Amino acid sequence: MSDAWEPRPVPDVTPETAEYWAAAADGDLLVGTCEACEAVFHYPRAHCPDCFSEAVSTTTAAGTARLYTFASPERIEGWPDEHRPLIVAQVELDEGPRLITNVVDADPSALSIGDRVAVRFVPTDRDDVAIPVFEPVD
Amino acid sequence: MGADAYIAGAYEHPTREAPETSTMQLHAAVARGALDDAGLSLVDVDGYLTAGVPEYTFALQPLTMADYLGLDVSFVDSTDVGGSSYLSHVGHAVSAIRDGTCDVALITLAGRPRSRAQATGSGVRELRTMQDSFERIYGSTPISQYAMTARRHAHEYGTTREQLAAIRVAASRHAQYNDDAMYPDPVTVEDVIDSPPVAEPLHLLDCCVISDGGGALVVVSEEVASQLDREAVPVLGHGEAIGHRDGGRADVTRTAARESGSRAFEEAGLEPADVDYVSIYDSFTITVLLALEDLGFCEKGAGGEFVEGGTLEAPDGDLPFNTDGGSLCSNHPGNRGGMTKVIEAVRQLRGEAATPVQVDADVALAHGTGGVLGTRHSASTLVLGGTEP
Ligand SMILES: [Zn+2]
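Going down the list, the sequences are from chains A and B. With our numbering applied, the first sequence has no gaps in its numbers, which climb one by one up to 201 at the end. With our numbering applied, the second sequence has no gaps in its numbers, which climb one by one up to 406 at the end.
Treat the hints as calculated values from the structure; they're not laboratory data. The structure presented is a predicted model; accordingly, all values stated were derived computationally and were not measured. Take the hints with a grain of salt, since some may be wrong.
As the list claims (entries may be wrong) - Beyond 10 Å from chain A on every Cβ pair, some chain B residues (computed):
hint : residue
1    : A45
2    : D63
3    : G117
4    : D149
5    : Y155
6    : E239
7    : G326
Claimed, not checked - Covered by chain A, per the in silico footprint, the following chain B stretches (three or more residues, Cβ under 8 Å):
hint : segment
8    : 167-179
9    : 209-218
To be verified - Examples of chain A residues lying across from chain B (beta carbon under 7 Å, computed):
hint : residue
10   : S65
11   : A67
12   : P70
13   : D75
14   : T132
15   : A134
16   : P136
17   : R147
18   : L149
19   : V151
20   : L162
21   : T164
A virtual CB, placed ideally from N, CA and C, is assigned to each residue, including glycine.
Turn these sequences into a full structure, and let the hints steer you where they fit.
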């Protein structure tokens, strides 16, 4: 059974990603949306990766997704042994885009592609930064 | 003769572990080997291409290497898109030669990850790019990403572990004839499946070796080639492309080989059915399977069936591949296998491959995959012709 490992290392918070990490600390998962072409994308950035418009904003995702694919590496430098097994995944948000994340509170041998998962947030050493991860839901 | 440019020199360093040698020394050794092979010397070189010394990424490559080698060149390129860089370098050298910018282009690779005890793709806390904060902090590494790609391919197309293993089996049967191969012993499908899991569905024998070493190529103009006392391999076509996460919408089972391959075939005026031998970058077994599909050797999703039944085994399979044992069994110098793919293709076209696995090849394809499938990757494809008397 994997666990969440908290507090997590702090990500590199940049001017265009600060809103994303702060929203996570408040319990919201943000996705980027383009006002020009309606693309929905992840990770956040200050332009649309489809049409290069700067008319982009963020919306709060429902936080529900399907497991697109996953792996459970046997060895990985820097990941604490007591927080293994590690499950790395790509999950497909109900809004469309996929993101790389962890599935927590799960047995990797019991997971299947297509399983429903829901977001939850693990703290870091910074109060205004949290990390979105996902856990299985029925 | 008749192509714009030719590969006149190719050399692979025989070492697989070089604890007492500097990486720059390895660059110089492979440069000397490839120039000797071509019958040229360092003063003939007027173009230089390298993706650098992997352990010195800060070093403004290729200035550091040009200084060390003592080069004086009119064309320089340091494209670094991972392991496929050296195939792109061949394409870029051909363009420079076609434009008249240079006549003799030297391409070098060297690295010592084995001696430096470097674990490939490790480190959760090392955030080097903005994307690492959305990927690496979750433990996303090359092995995780390729495993996720393999798992998704199995889900969509029914690809089995036995099918992936067939790729390693073929490579290992070739490696037994290569005196320099790190793992020269043939393995079975069961050996691959029973090897320790690295990240399901990939096991240890689905993964390439980690080796020190290097290689070099010399690409020359038609005029220079015609003056050499050496068979030269015409470069018929080159294509390159990149793939990325596309805002979170990329299909991880699809690679940029689709674009790089079609561009290379178009330039060569050929198609997959014309190819007699393939060198395919083999960081993992799944890397080979996806490349074969996306280069057009079989339908998308049919790669598993395609590689079964000895298709890839020389000399009798329908599409012999990696007759030196490839990066799965022989050599993956500096965690970058693109260079050795070109070198073995050149050996095949010159009739210099090991005797039992020498293929009667008029057209060979060499393909590189760089970066990491599932996040950001590069693809570079070369179509090479047979030598002419
Ligand atoms: Zn847009």
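Structure-based check of all given hints:
1. Annotated as non-interface, A45 (chain B) keeps its C-beta farther than 10 Å from every C-beta of chain A; the closest such distance is 32 Å.
2. The claim that D63 (chain B) lies off the interface holds: its Cβ sits roughly 39 Å from the closest Cβ of chain A, which is beyond the 10 Å cut-off.
3. For G117 (chain B), the requirement that its beta carbon stay farther than 10 Å from each beta carbon of chain A is met, with the minimum near 36 Å.
4. Once the 10 Å rule is applied to beta carbons, D149 (chain B) is inconsistent with being away from chain A; the minimum gap is 7 Å.
5. Not every C-beta of chain A lies more than 10 Å from that of Y155 (chain B), the closest at about 5 Å, which undercuts listing it as non-interface.
6. For E239 (chain B), the non-interface assignment is confirmed: its Cβ lies about 42 Å from the closest Cβ of chain A, beyond the 10 Å cut-off.
7. The Cβ of G326 (chain B) lies farther than 10 Å from every Cβ of chain A, with a closest approach of about 28 Å, so its non-interface assignment holds.
8. Only when three residues or more bring their CB closer than 8 Å to a CB of chain A does the claim for the segment 167-179 of chain B stand; here the count is 3, and the claim holds.
9. Under the rule that three or more residues need a Cβ within less than 8 Å of chain A, the assignment of the segment 209-218 of chain B holds, with 5 such residues.
10. Taking 7 Å as the C-beta cut-off, the interface hint given for S65 (chain A) is violated, the closest approach to chain B being about 11 Å.
11. For the restraint placing A67 (chain A) at the interface with chain B, the shortest Cβ-Cβ distance is roughly 11 Å, beyond the 7 Å limit, so the hint is violated.
12. Violation of the interface hint for P70 (chain A) is found here, the shortest Cβ-Cβ separation to chain B being roughly 12 Å, above the 7 Å cut-off.
13. Look at D75 (chain A): its Cβ gets to within about 5 Å of chain B, closer than 7 Å, so that hint holds up.
14. About 4 Å separates the beta-carbon of T132 (chain A) from the nearest beta-carbon of chain B, less than 7 Å, and the hint is met.
15. Contact between A134 (chain A) and chain B, as hinted, is supported at the beta carbon level, the nearest pair being about 4 Å apart and thus within 7 Å.
16. Interface restraint check for P136 (chain A): the shortest CB-CB distance to chain B comes to about 4 Å, inside 7 Å, so the restraint holds.
17. The interface hint given for R147 (chain A) is broken, as the beta carbon of that residue sits about 10 Å from the closest beta carbon of chain B, more than 7 Å.
18. Interface hint at L149 (chain A): satisfied, since its Cβ lies 5 Å from the closest Cβ of chain B, which is below the 7 Å cut-off.
19. A hinted interface residue such as V151 (chain A) counts as satisfied when its beta carbon comes closer than 7 Å to some beta carbon of chain B; here the least separation is about 4 Å, so the hint holds.
20. Because the beta carbon of L162 (chain A) sits about 6 Å from the nearest beta carbon in chain B, less than 7 Å, this interface hint is met.
21. Against a cut-off of 7 Å between C-beta atoms, the interface hint on T164 (chain A) holds, since the closest Cβ of chain B lies about 6 Å away.
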